[in-house]
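Enquirer: Here's the letter readout for the chains.
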Amino acid sequence: MIQLEVLRYNPETDQEPRFQRYEVPFRDDWVVLDALNHVKEELDPTLSYRWSCHMAVCGSCGMMINGEPKLACKAFLRNYPGVIRVEPLRHFPVERDLVTVIDDFVAKLARVKPWLVPKEAPGAGEYRQTPAQLKRYKQFSLCINCMLCYAACPEYGLIPEYLGPAAIALAHRWNRDSRDAGRESRQDEIAAKEGAWECTFVGACSDVCPEHVDPAGAIQQVKIESTIDWYQAHLTPWLKNEK
Amino acid sequence: MSPRPYVRPISAREWVFRHPRYVRYMVREFSCLFIAGWTLLMVWGLKQLADGPAAWAAFLELVKTPASVAFHGVTLAFAAYHSVTWFNLTPKALPLQVGERVVPDWVIAGAHYAAWAALSLIILLWTL
Numbered sequence: 001m002i003q004l005e006v007l008r009y010n011p012e013t014d015q016e017p018r019f020q021r022y023e024v025p026f027r028d029d030w031v032v033l034d035a036l037n038h039v040k041e042e043l044d045p046t047l048s049y050r051w052s053c054h055m056a057v058c059g060s061c062g063m064m065i066n067g068e069p070k071l072a073c074k075a076f077l078r079n080y081p082g083v084i085r086v087e088p089l090r091h092f093p094v095e096r097d098l099v100t101v102i103d104d105f106v107a108k109l110a111r112v113k114p115w116l117v118p119k120e121a122p123g124a125g126e127y128r129q130t131p132a133q134l135k136r137y138k139q140f141s142l143c144i145n146c147m148l149c150y151a152a153c154p155e156y157g158l159i160p161e162y163l164g165p166a167a168i169a170l171a172h173r174w175n176r177d178s179r180d181a182g183r184e185s186r187q188d189e190i191a192a193k194e195g196a197w198e199c200t201f202v203g204a205c206s207d208v209c210p211e212h213v214d215p216a217g218a219i220q221q222v223k224i225e226s227t228i229d230w231y232q233a234h235l236t237p238w239l240k241n242e243k
Numbered sequence: 244m245s246p247r248p249y250v251r252p253i254s255a256r257e258w259v260f261r262h263p264r265y266v267r268y269m270v271r272e273f274s275c276l277f278i279a280g281w282t283l284l285m286v287w288g289l290k291q292l293a294d295g296p297a298a299w300a301a302f303l304e305l306v307k308t309p310a311s312v313a314f315h316g317v318t319l320a321f322a323a324y325h326s327v328t329w330f331n332l333t334p335k336a337l338p339l340q341v342g343e344r345v346v347p348d349w350v351i352a353g354a355h356y357a358a359w360a361a362l363s364l365i366i367l368l369w370t371l
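Protein chains in written order, with the working numbering: chain A, 1 to 243; chain B, 244 to 371.
Simulated from the structure, these hints should not be mistaken for laboratory data.
Among these hints, one or two may not hold up.
[Unchecked claim] Selected chain B positions facing chain A (in silico; Cβ < 10 angstroms):
id: 1; residue: Pro246
id: 2; residue: Leu276
id: 3; residue: Gly280
id: 4; residue: Thr282
id: 5; residue: Lys290
id: 6; residue: Gln291
id: 7; residue: Ala293
id: 8; residue: Val346
[Said to hold, decoys possible] Which chain A residues stay away from chain B? Per the calculated CB distances, all over 12 angstroms, these:
id: 9; residue: Pro25
id: 10; residue: Leu33
id: 11; residue: Leu47
id: 12; residue: Ser60
Glycine included, C-beta positions come from ideal geometry on N, C-alpha and C.
One chain only, chain B, in its complex shape (with noise of 0.2 angstroms):
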């Protein structure tokens, strides 16, 4: 080793934008912000439901605004983003193997889209 190598700096925030991939990566994990928030309004929700009717009232009220829609709307698309992006890498988690037949990764990650649709069809059923 020479006697003196030379250790390059790293920022921790410039590596995030030195390729896009970095960037897509970032993305998912910060989605997971604006589904904790999501969950707390859901919480606050159900006790506010437990507090009696003009209590929910008022909550329906709040979720009804235009700055809740917006909210909902960006709240959904991280989720759906989420899930797909975990979703396609399935196939690295649970490889499957048949003899010496490896599972193609298609069959594996559209198990899950099949399962995720298969349960937003019961829950929308449900609710009906």
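Bound-form chain A, shown alone (with noise of 0.2 angstroms):
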């Protein structure tokens, strides 16, 4: 048997958040997330907490595990000696026990125009890509939308106007795309103070990814980038229209 102590809130009752203690039976090949089931099959129906997939796709079960952002359903309990603590992930509103208000995230990803901006009207059949053309933004369309990265960075959590890890390295994905033609509309979101400038590279964005994008790094190029448009627009201005 292994101890969860897991974070509750109820918004209807509960002044604040409070932790409850569960016992749940240890086995090798279990995660965080089927613990958290069994619980409200076998011991409490009423926690709430968001999943789906239970294979690290979907991007729902994101929370902090021991106060690390992690998904539920890769986190092993084998990896985690003594009691397990489990809480809402970091930086969002809590909704009701381990779920968040995620509205902020949604709204911001919106903004980025996270979506192919046609270059020319789509003619008769697909549009054409080479593996290297692929390869520039293929890490980053990786992104589950999980926002282990929000809960992670101590920019967003200080500074919540920040557009944060995902909506930029989504933003940068799109950029990088040869079928696109929106990057000058998605600028005035990355390419502002709030946007890839509020970044200082901390990087543990990167690090808590469980799909191996590398935010850190697509906030980086923006910011270089960015750093050429405005040298661009400043020093030879005449070449803007012929771009």
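Since each chain sits alone in its own frame, please combine them into the complex, following the hints.
Expert: So, in structure tokens, the structure goes:
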């Protein structure tokens, strides 16, 4: 048996969150999500948390496990000796128990237009892309919007206006796509003070990403490209129309 | 949304000690204080040089004191830490792709270390 210490918060009855301990069986192949499902099914049906795929694809079960942002479906019990402390993702308001309010992230994500802004009207057939062109953006396209990077980023915790790692990485993903023409329309968001320039390169976002995306890298690349834009606009403004 | 979501307080200091990565980051940031202090000392040294031999000799005596030597040692350690951590991060900021192949991180970071070593050597030979 192992001890699971879960943060509980009921907005209808609680003034503030509290920890509740559960004793769950230990199985070598169980992850924290299995332990939470055991609690919900066998011990306490009132426990609330998000999950869906149980295979690190949907990005729903992000939570703090012993203080680190993790996907509960990827966090094996066998890697955590002693009591396992489970809390909602840091830096987001707590809706109920382990469920957070993610409206801020969803709104920021929409602001960077994380979709294809086509260069040309689609003709007959598919868009063509070479393997080299695919490679330019592929790693950034693996983001599953799990928000672990937001929970790891002290900048986002202290400055909530900051656009944040995943939104900038996804904007960068489309900017690097050979089929896309939306870069200029994303620059107002990602090249702003609350965009890439709020980042001081702590690098925690890339450390905790369960899909090995490198949002910290994306943000630094956005800074470099925005700086080049600035110099081009101020030193060679006559080239702008020819771009 | 629930009628009363709970917003957890965030301490401006507590987060640093949550994980060693945040401490390493803050050490990197703090290194600039020592480097800025050393730069100001150099500017003051230039002024002393301009003020004549007596002022310059007094400056040289000052930098030989144990406190100054200790300060220089600490500043050198911080400067080296800052340089090494930044060079190790360069592959993130300056990724290179040649065709379908991505240039390995060690090549990009290594190029920075090589430039550092070459420039240090040139300056050293220049001053000998």
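Enquirer: For each hint, tell me whether it holds in the structure or not.
Expert: Hint check:
At about 6 angstroms, the closest approach between the beta carbon of Pro246(B) and any beta carbon in chain A falls short of 10 angstroms, and the interface hint on this residue holds. With a least beta-carbon distance of about 15 angstroms to chain A, the hint placing Leu276(B) at the interface is violated under the 10 angstroms criterion. About 21 angstroms separates the beta-carbon of Gly280(B) from the nearest beta-carbon of chain A, more than 10 angstroms, and the hint is not met. Interface hint status for Thr282(B): violated, as the beta-carbon distance to the closest one in chain A is roughly 21 angstroms, over 10 angstroms.
Residue-level restraint check for Lys290(B) is violated (minimum Cβ-Cβ distance to chain A is 33 angstroms; threshold 10 angstroms). Among the interface hints, the one on Gln291(B) is violated; its C-beta lies about 35 angstroms from the nearest C-beta in chain A, farther than the 10 angstroms criterion. Evaluation of the Ala293(B) hint against chain A yields a violated restraint, the C-beta minimum of about 35 angstroms exceeding 10 angstroms. Against a cut-off of 10 angstroms between C-beta atoms, the interface hint on Val346(B) is violated, since the closest Cβ of chain A lies about 12 angstroms away.
At roughly 30 angstroms, the least C-beta separation between Pro25(A) and chain B is larger than 12 angstroms, which holds for a residue marked as non-interface. The beta carbon of Leu33(A) is kept farther than 12 angstroms from every beta carbon of chain B, the shortest such distance being approximately 22 angstroms. Even its closest Cβ contact with chain B, about 15 angstroms, leaves Leu47(A) beyond 12 angstroms, as expected for a residue assigned away from the interface. Distance to chain B confirms Ser60(A) as a non-interface residue, since its nearest Cβ pair spans about 17 angstroms, more than 12 angstroms.
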